[in-house]
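The listed protein sequences derive, respectively, from chains P and U. Heads up: take any position in the first sequence, counting from 1, add 62, and you land on our numbering. Heads up: take any position in the second sequence, counting from 1, add 61, and you land on our numbering.
Among the hints, a few may not be true.
Unchecked claim - Mimicking SDA-like on lysine to any residue, the simulated pairs with C-alpha atoms at most 25 Å apart in a straight line are:
hint	chain 1	residue 1	chain 2	residue 2
1	U	94	P	261
2	P	91	U	330
3	P	230	P	265
4	P	91	U	229
5	P	91	P	309
6	P	286	P	298
7	P	85	P	161
8	U	94	P	322
9	P	163	U	348
10	P	118	P	152
11	P	200	P	124
12	U	287	U	330
13	U	94	P	124
14	U	242	U	324
15	P	91	P	319
16	P	85	U	229
17	P	91	U	353
18	P	156	P	320
19	P	91	U	349
20	U	81	U	65
21	P	156	U	343
22	U	177	P	171
23	U	94	P	309
24	P	291	P	302
25	U	94	P	313
26	P	91	U	65
27	U	94	P	318
28	P	261	U	349
29	P	291	P	247
Unchecked claim - A partial selection of chain U residues facing chain P, derived with a Cβ cut-off under 7 Å:
hint	residue
30	113
31	114
32	115
33	176
34	178
35	345
36	346
Stated by the list, open to error - Cβ-Cβ distance ranges computed for the label pairs, FRET-style:
hint	chain 1	residue 1	chain 2	residue 2	range
37	U	354	P	124	35 to 43 Å
38	P	121	U	82	52 to 60 Å
39	P	89	U	354	19 to 27 Å
40	P	124	U	216	54 to 62 Å
Since the hints were derived computationally from the structure, they do not count as laboratory data. Treat the numbers as computed from the prediction; the structure is a model and nothing was measured. Ideal Cβ placement from N, Cα and C applies to all residues, glycine included.
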Amino acid sequence: MAKPEEIQRIKKIAWDLRADVVKMIGVGKAGHLGGSCSLAEIVATLYFAKMHFDPKAIHDPSRDRFLLSKGHSVLIQYAALVELGVIPRDEMGKVKTLAGKLQGHPDMMTPGMEAVTGSLGQGLSISVGMALALRLEKSTSRVYVIMGDGELAEGQLWEAAMAAARYKLDSITAILDRNRIQATGPTREIFDIPNLEDKWRAFGWNVLNVDGHDVGAILDVLDKAAEIKGAPTVIVADTIKGKGVSFAENTAAFHNGIMTQEQYDKALAEIAESGRMVE
Amino acid sequence: MTSPNLRSAYGASLVRLGTKDKRVVALEADLGKSTQSAMFQAEFPDRYFQMGIAEQNMASTAAGFALTGMIPFIHSFAVFATGRDYDQLRNSICIPNLPVRICGSSAGLSDFGDGKTHQGIEDVALMRALPNMTVLCPADSIEVEKMMDCLLDWPGPVYLRINRNDLPFVSPADEPYSIGKVTMLRDGSHAAVFAAGVMVSRSLEAATALATEGISVRVLDVSTIKPLDREAIIRYAGGVDAIVTAEEHSIIGGIGSAVVEALRGVSHAPVEFVGIPDSFGISAEGYPELLVHFGLTSDAVASTIKTLLKGGRK
Ligand SMILES: Cc1ncc(C[n+]2csc(CCOP(=O)(O)OP(=O)(O)O)c2C)c(N)n1
Chain P
63 MAKPEEIQRI
73 KKIAWDLRAD
83 VVKMIGVGKA
93 GHLGGSCSLA
103 EIVATLYFAK
113 MHFDPKAIHD
123 PSRDRFLLSK
133 GHSVLIQYAA
143 LVELGVIPRD
153 EMGKVKTLAG
163 KLQGHPDMMT
173 PGMEAVTGSL
183 GQGLSISVGM
193 ALALRLEKST
203 SRVYVIMGDG
213 ELAEGQLWEA
223 AMAAARYKLD
233 SITAILDRNR
243 IQATGPTREI
253 FDIPNLEDKW
263 RAFGWNVLNV
273 DGHDVGAILD
283 VLDKAAEIKG
293 APTVIVADTI
303 KGKGVSFAEN
313 TAAFHNGIMT
323 QEQYDKALAE
333 IAESGRMVE
Chain U
62 MTSPNLRSAY
72 GASLVRLGTK
82 DKRVVALEAD
92 LGKSTQSAMF
102 QAEFPDRYFQ
112 MGIAEQNMAS
122 TAAGFALTGM
132 IPFIHSFAVF
142 ATGRDYDQLR
152 NSICIPNLPV
162 RICGSSAGLS
172 DFGDGKTHQG
182 IEDVALMRAL
192 PNMTVLCPAD
202 SIEVEKMMDC
212 LLDWPGPVYL
222 RINRNDLPFV
232 SPADEPYSIG
242 KVTMLRDGSH
252 AAVFAAGVMV
262 SRSLEAATAL
272 ATEGISVRVL
282 DVSTIKPLDR
292 EAIIRYAGGV
302 DAIVTAEEHS
312 IIGGIGSAVV
322 EALRGVSHAP
332 VEFVGIPDSF
342 GISAEGYPEL
352 LVHFGLTSDA
362 VASTIKTLLK
372 GGRK
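All chains, full assembly: derive it from the sequences and hints.
Structure representation (structure tokens):
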């Protein structure tokens, strides 16, 4: 069990990351708010507590790897890397511009990115390759990869799931951001994939569940996943798309929506208030 | 009044075709609000199939529809519609020469913010290389409508390249249209520009600008990139001292390549390409900025013409 102070610290960071996501999107411009906010606690827990990742040595071969298979949510990863000092803070104002280094989807021109993703369905395969190579190197590094529940329709993910089980890749922790909304609506209406836990089990994976906004539970479940040997583990995280920004919660409208000035101000005010409540 | 937005024109046209012909079905991969296939969904929910984010499965499923007598339209961003399911397009659809219509939306650099992974700038090359595939690139929404009206009877697979943004009207609204037609939008005697998509309006601007300098430029809208009307290309390339191609696509395998392929074996004026050098796209704050970044401007077309006319190289 994690210490309460530790949990408070990470919770606070998660709200700071959300604020940075909103700032990066800004007013009048499209940005993937929903799928970034659903990941704030998970990303904060990984980068600021669990991962073996030294921001001063981002190429250290023994680092843990972090990949967003759902690459469109990269704003939350940028926010974490800015907070860690890997990405200069002034890049935040230049996101998705010709003057900046922060692309619309993960790109190797940005410090801290581990792979190119954005065409959905490819991240788990990349993780399999990394995990196999790390095993050859006798490395103890872990590979954390985050998938979306809409993304799970891509057949390649299931090819990768079989490959990871075939090679008993217990260094992979896959996390499913189950926010139940995809680009154009609720997964239930767009492309329902029922019995997800059973499907992953049938593919040879260990399955753990967590509330993706409960930092204490995330800390515990990540420990548990790392202890399971002989097969890969997927953590099914129940989350809220747009979490923390009332008008963006549980809707596809802010999958890649545009905020008005009023909405922008409201988003930042709500996030700041939630951040204050942590103390 | 037709909207200047190509996606809206596409969606409205799809509904028109669906009204006319019950064989029309639409398949989508969770981008229906972007591609505007959602308009068809609203009219014909029974003939609309939401396949989830699974483009490969969608493509081969469309083959099954076509083999069972339907005219399926499949949808995604151009980059995924052509690249993700290339093998399915090739084997399930093109080898049996099935009437599947592939809508590649947000094509070229038009999805300016999303960057390399989302900017389809080699789609024409990929689709052109597939035997049996027809490749269409409309210059404005009027052309979208006219092309769509050809698609009920046109044999074999068709790739339709749709820009995400509004484009200026350039094509003559009242002229009859048929697939394969090369439309001369402006005649001229010094140079000929073969263009498609967003570059058609930019080439017309270049021609207007050069006219003030006494340079007379012919502008051709090559909205059917394949099958390319070779006779027409040779004819329109004749009698000028410079030939320029202009496209929002890699210079490898796009319209420039197609025009040069068409001109092979005949003597012609020197040719230069305006297009994207062999590189991926990049994220930008807006579409016009990104076009400038890659030199896809009327100025670039004009200066390329002038350089050729002076006998120099770009
Ligand atoms: C291969 C591919 N097809 C389509 C898209 C367009 N797209 C980007 S995000 C998205 C929806 C993703 O939904 P989900 O995985 O549930 O992500 P989240 O809700 O967590 O943002 C779609 C269809 C893409 N990026 N890649």
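Hints, verified against the model:
{"no.": "1", "hint": "94(U) - 261(P)", "in the structure": "30 Å, violated"}
{"no.": "2", "hint": "91(P) - 330(U)", "in the structure": "45 Å, violated"}
{"no.": "3", "hint": "230(P) - 265(P)", "in the structure": "11 Å, holds"}
{"no.": "4", "hint": "91(P) - 229(U)", "in the structure": "23 Å, holds"}
{"no.": "5", "hint": "91(P) - 309(P)", "in the structure": "16 Å, holds"}
{"no.": "6", "hint": "286(P) - 298(P)", "in the structure": "13 Å, holds"}
{"no.": "7", "hint": "85(P) - 161(P)", "in the structure": "17 Å, holds"}
{"no.": "8", "hint": "94(U) - 322(P)", "in the structure": "20 Å, holds"}
{"no.": "9", "hint": "163(P) - 348(U)", "in the structure": "18 Å, holds"}
{"no.": "10", "hint": "118(P) - 152(P)", "in the structure": "18 Å, holds"}
{"no.": "11", "hint": "200(P) - 124(P)", "in the structure": "10 Å, holds"}
{"no.": "12", "hint": "287(U) - 330(U)", "in the structure": "23 Å, holds"}
{"no.": "13", "hint": "94(U) - 124(P)", "in the structure": "43 Å, violated"}
{"no.": "14", "hint": "242(U) - 324(U)", "in the structure": "17 Å, holds"}
{"no.": "15", "hint": "91(P) - 319(P)", "in the structure": "8 Å, holds"}
{"no.": "16", "hint": "85(P) - 229(U)", "in the structure": "33 Å, violated"}
{"no.": "17", "hint": "91(P) - 353(U)", "in the structure": "20 Å, holds"}
{"no.": "18", "hint": "156(P) - 320(P)", "in the structure": "17 Å, holds"}
{"no.": "19", "hint": "91(P) - 349(U)", "in the structure": "15 Å, holds"}
{"no.": "20", "hint": "81(U) - 65(U)", "in the structure": "24 Å, holds"}
{"no.": "21", "hint": "156(P) - 343(U)", "in the structure": "13 Å, holds"}
{"no.": "22", "hint": "177(U) - 171(P)", "in the structure": "12 Å, holds"}
{"no.": "23", "hint": "94(U) - 309(P)", "in the structure": "20 Å, holds"}
{"no.": "24", "hint": "291(P) - 302(P)", "in the structure": "30 Å, violated"}
{"no.": "25", "hint": "94(U) - 313(P)", "in the structure": "14 Å, holds"}
{"no.": "26", "hint": "91(P) - 65(U)", "in the structure": "21 Å, holds"}
{"no.": "27", "hint": "94(U) - 318(P)", "in the structure": "11 Å, holds"}
{"no.": "28", "hint": "261(P) - 349(U)", "in the structure": "46 Å, violated"}
{"no.": "29", "hint": "291(P) - 247(P)", "in the structure": "37 Å, violated"}
{"no.": "30", "hint": "113", "in the structure": "3 Å, holds"}
{"no.": "31", "hint": "114", "in the structure": "5 Å, holds"}
{"no.": "32", "hint": "115", "in the structure": "4 Å, holds"}
{"no.": "33", "hint": "176", "in the structure": "4 Å, holds"}
{"no.": "34", "hint": "178", "in the structure": "3 Å, holds"}
{"no.": "35", "hint": "345", "in the structure": "5 Å, holds"}
{"no.": "36", "hint": "346", "in the structure": "5 Å, holds"}
{"no.": "37", "hint": "354(U) - 124(P): 35 to 43 Å", "in the structure": "39 Å, holds"}
{"no.": "38", "hint": "121(P) - 82(U): 52 to 60 Å", "in the structure": "58 Å, holds"}
{"no.": "39", "hint": "89(P) - 354(U): 19 to 27 Å", "in the structure": "24 Å, holds"}
{"no.": "40", "hint": "124(P) - 216(U): 54 to 62 Å", "in the structure": "59 Å, holds"}
Of the numbered hints listed earlier, those contradicted by the structure are 1, 2, 13, 16, 24, 28, 29.
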